[in-house]
Amino acid sequence: MSLIARVPIRTKIYLVSIIAVAMLGLLAWIFLAVLSSQRVLLEEVESGKFAKVVALYQQFSMISRTHADLLDILHVQDGLLAEETLYVEAKPRLLDLNRIVEQMDEHRESLGFSAADAMIYDILIESAQAYLAAIVRTVEVASVEVDLVDRHMHDASEAFKSVETGFGTLMERTEKATSQAIAEARLGAADAKAIFGLIALATAIALLFCGWWLARAASRDLHSITGTMAALAAGERNVAVSGLDRGDEIGAMARATEAFRRNLELAEIERSENQAQRMEALGILAGGIAHEINTPVQFVGDNVRFLKDACAGLGGVLRACQALSAGAGDGSDRAAALQSLEQALAGADLDFLVEEIPPSIDQSLEGIDRIAEIVRAIKEFSHPDEADMTVSDINQMIETTVTVSRNQWKYVAEMALNLDHSLPPVVCRPGQINQVILNLIVNAAQAIEETGQQGRIDILTRRDGSWLEIAVSDSGCGIPEKNLEKIFEPFFTTKAVGKGTGQGLAISHSVITRKHGGTLSVDTAVGCGTTFTIRLPLEQSADSEAA
Amino acid sequence: MKASILFVDDEPMLLQGLRRNLRHMRDEWEMLFAESAEEALHSSRIADLDAVVTDMRMPGMGGAAFLQRVVERNPRAVRIVLSGQIDKENAYDLIGVGHQFLSKPCDIEVLIGTLRRALALRSALVDEALQTTVANLGSLPCPSAVYNELVAELDREEPSMNRIAQIVSRDLGLTATVLHIASFGFFGSHGRLTNPVQAVTRLGVERVKALVLSHGVVTEYQEDNLKDMGLDKLWQHSVRCACLAQEIAKDMELGKKEIEQAFVAGLLHDIGALVLATNMPDAFRKVVQASPREDTIRLEAERLTLPTIHGTIGAYLAALWGLPDPVVEAIAYHHEPSMGNSSDFTPLAAVHVAEGLTQAVHGCRPDEPGIKVLDFDYLNALGVADRLASWAKIFADHLKAE
Chain A
12 MSLIARVPIR TKIYLVSIIA VAMLGLLAWI FLAVLSSQRV LLEEVESGKF
62 AKVVALYQQF SMISRTHADL LDILHVQDGL LAEETLYVEA KPRLLDLNRI
112 VEQMDEHRES LGFSAADAMI YDILIESAQA YLAAIVRTVE VASVEVDLVD
162 RHMHDASEAF KSVETGFGTL MERTEKATSQ AIAEARLGAA DAKAIFGLIA
212 LATAIALLFC GWWLARAASR DLHSITGTMA ALAAGERNVA VSGLDRGDEI
262 GAMARATEAF RRNLELAEIE RSENQAQRME ALGILAGGIA HEINTPVQFV
312 GDNVRFLKDA CAGLGGVLRA CQALSAGAGD GSDRAAALQS LEQALAGADL
362 DFLVEEIPPS IDQSLEGIDR IAEIVRAIKE FSHPDEADMT VSDINQMIET
412 TVTVSRNQWK YVAEMALNLD HSLPPVVCRP GQINQVILNL IVNAAQAIEE
462 TGQQGRIDIL TRRDGSWLEI AVSDSGCGIP EKNLEKIFEP FFTTKAVGKG
512 TGQGLAISHS VITRKHGGTL SVDTAVGCGT TFTIRLPLEQ SADSEAA
Chain B
4 MKASILFVDD EPMLLQGLRR NLRHMRDEWE MLFAESAEEA LHSSRIADLD
54 AVVTDMRMPG MGGAAFLQRV VERNPRAVRI VLSGQIDKEN AYDLIGVGHQ
104 FLSKPCDIEV LIGTLRRALA LRSALVDEAL QTTVANLGSL PCPSAVYNEL
154 VAELDREEPS MNRIAQIVSR DLGLTATVLH IASFGFFGSH GRLTNPVQAV
204 TRLGVERVKA LVLSHGVVTE YQEDNLKDMG LDKLWQHSVR CACLAQEIAK
254 DMELGKKEIE QAFVAGLLHD IGALVLATNM PDAFRKVVQA SPREDTIRLE
304 AERLTLPTIH GTIGAYLAAL WGLPDPVVEA IAYHHEPSMG NSSDFTPLAA
354 VHVAEGLTQA VHGCRPDEPG IKVLDFDYLN ALGVADRLAS WAKIFADHLK
404 AE
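In order, the protein sequences belong to chains A and B. Residues in the first sequence are numbered consecutively from 12, following our numbering. Residues in the second sequence are numbered consecutively from 4, following our numbering.
Rather than coming from a laboratory, the hints here were simulated on the basis of the structure. Any given hint could be a false lead.
[To be verified] Quick look at which bits of chain B chain A covers, simulated, 3 or more residues with Cβ under 8 Å:
#: 1; region: 18–26
#: 2; region: 59–72
#: 3; region: 99–113
Glycine included, each C-beta is placed from N, C-alpha and C at the ideal position.
Just chain A, with the same shape it has in the complex (with noise of 0.2 Å):
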């Protein structure tokens, strides 16, 4: 299973919740950002124009507003000024275009041009200071030769024009940079759009895809826990739960299906085994039972047909001694009524009726009552509530089980019962005990009978504190102590095929420990016998009691 599968899911949706948030977060920021970008570009692009376009305004115009005043000097004085007032008046005229070209100049890297600009206003200084130059010249022969003031005044002129020229050009040439820069500004907002709604539309389909994957990824495995649900429903046990190894809350929920599966399995095969064990149980015991019950009911059939024939036969004396006490005083009748009474009593075999008659009684109430016992022993024995825990009588169900198992262990020892008439009554289930000590005598008779002699079962209850206990001991055998850890494993048997299955002791264990909190353990001796020790828990029943 993937790194991704012991992420619990929790954990997933919150890792991309947040990755989500994240990308939105960070395409807001990359949004805000090229807003503000945009915006500063702009600023900057405005700015940058309007301070070109008022700077050279200011200088066009000062130079245009001086080059009119020397014009008007000049076209005053018309040629005839002196040569101090001309001065006097041109000069600081003069001098403010000279500071003009000057700050023209010096104030070049502040305008911000680009390479082609500079080159253009660089040309515009020239021209500026030719202009200057030009201007000059034309003040100074305004007052020596005025003929020459026309010709100068054209170059001054024509310079101004050409100064003129290469402003409106570095204008028109800032206007164009100004809008095309914007357009650029503009341009790139756009691109920054693109970007945005493409990261936007892959963060979109992440997302989905995350999902899809996440839902495929949970469906798959609970849909299948859903599938070995419904077959657990449906009775099938033998389902395999898939998603068991994953790190998160399927991967729990697989595995809380898989344990409630094999709980019911569990649950199914201690059923099915208590069943078979108690099947087992009912088949050696039915046989033994048919043998104790028909044995007596042989003898009492017997005894009852021999009654019947012998009432037929005193029937038959009495009636003869009814004819010879009617025909007491008749002296014939008298004789032939005797001699029918001697006949009568010499087919009757009088003697043997009189002896056999009494014991024949006894012996068939005996016989009633054996078959009786059997019987109380049976129904007692058979317990079909085994499920439900019941206040019993240890003692009693003891007795109980040595009555039905008797055919088991009578031909081979004999039973010795030691019970603790001052056993408190316990809570458990009567059922499973009565297998369970059954279990226990047949396996002690068993043991008893490999030894080819006749033996001793001894079977003993008492008080231990706040444990009952049962000891069933057989002078049997014994248990060789290679096989001793064994003997509670399901399946291991030393016994011949068709005398036990190996199950017996496998499920008296589990009967003991796990459906009682007691204790069942071995104590033997190879060629002495062996002593199982049932430990059942008084507290315990107690406290079920008062439940």
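Using the hints, position chain B against chain A.
Frame of chain A, contents of chain B only:
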């Protein structure tokens, strides 16, 4: 002479009950009682007892082991088990040692009848060796064809009860054995059986298999081995006789049970000859040599050379093995039906007629002097002589069908 019978049971009250009820038999039987097998074996009388009735499960030695000892010390004794219950594995121990199994509670009249019948036929055998032979019968020969067919069927994945029964009812030894073992109380409902299909069903395939393959109740034989005994035609003759007896019983509108009895008695009527031939071959050869004919009618020779005839031997076996009375009677008197004690048309009459008609195939004329193939006085007394012709036709049709 009184017959001596020993009853063994670990329950003293049961013995007392029997003693009280069997008191009226005291003129006929000498009855002994023992409370354990060990006590019984200590009795000095054990070697000359005529019959033993024992329980199966007893402290110390059990019934099967006890009967085994009885076989060793007194092989002629009739051995009957009277038990409340029997395990399957114990049941197999009984094969060969116990003759009959009676379930407790058993009606005293059934016990008396069983003992009486067996003891009467036993004394009719006269010869001790014969009594021993029949009481301890080993496996009977079975023709290899039948034997192989049965083994093949038993080896199939799903053997058919019907086919097994069909095969079984073609062989004398198998039929007798299956009926015998199936009558043991442990294999289900108690009761005497005459239907091989029922017997096979009651036993089940696995037990039939065990009987045939493990316990060897029959031995496969090559037909040639019995040729010098003149017995190679015995199976064909027996099956024909069984079928014809069955048809005759049907024709006489006998009950279902009697029709079955007629079939089984027809099949087994010569089983005594088979017992003789396989267990006392020398004696049987003498009979064969003394007999002027080669067919199965050797009554005169048997009477001259043997203490008894094959009918009685077969009947004793049938009685010992618990086959029903009419079958025992039919086997005993199939050559001398007037010895039977019924004036009605019984399976005995059917078998007698079937035997007589099948003999005709071997060249015997029904009215041949000296050998009363058919007892016309008997048939006339029953008022069925006029039906012989139609029965002969049934037989002829049957032969054609073969």
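Outcome of the hint check:
With a cut-off of 8 Å between beta carbons, the region 18–26 of chain B has 6 residues touching chain A; three or more are needed, and the interface restraint holds. For the region 59–72 of chain B, the assignment as covered by chain A holds, since 5 residues bring a beta-carbon within under 8 Å of that chain's beta-carbons and 3 suffice. For a cut-off of 8 Å, the count of residues in the region 99–113 of chain B with a CB near a CB of chain A stands at 5, and the three-residue condition holds.
When each numbered hint is compared with the structure, no violation occurs for any of them.
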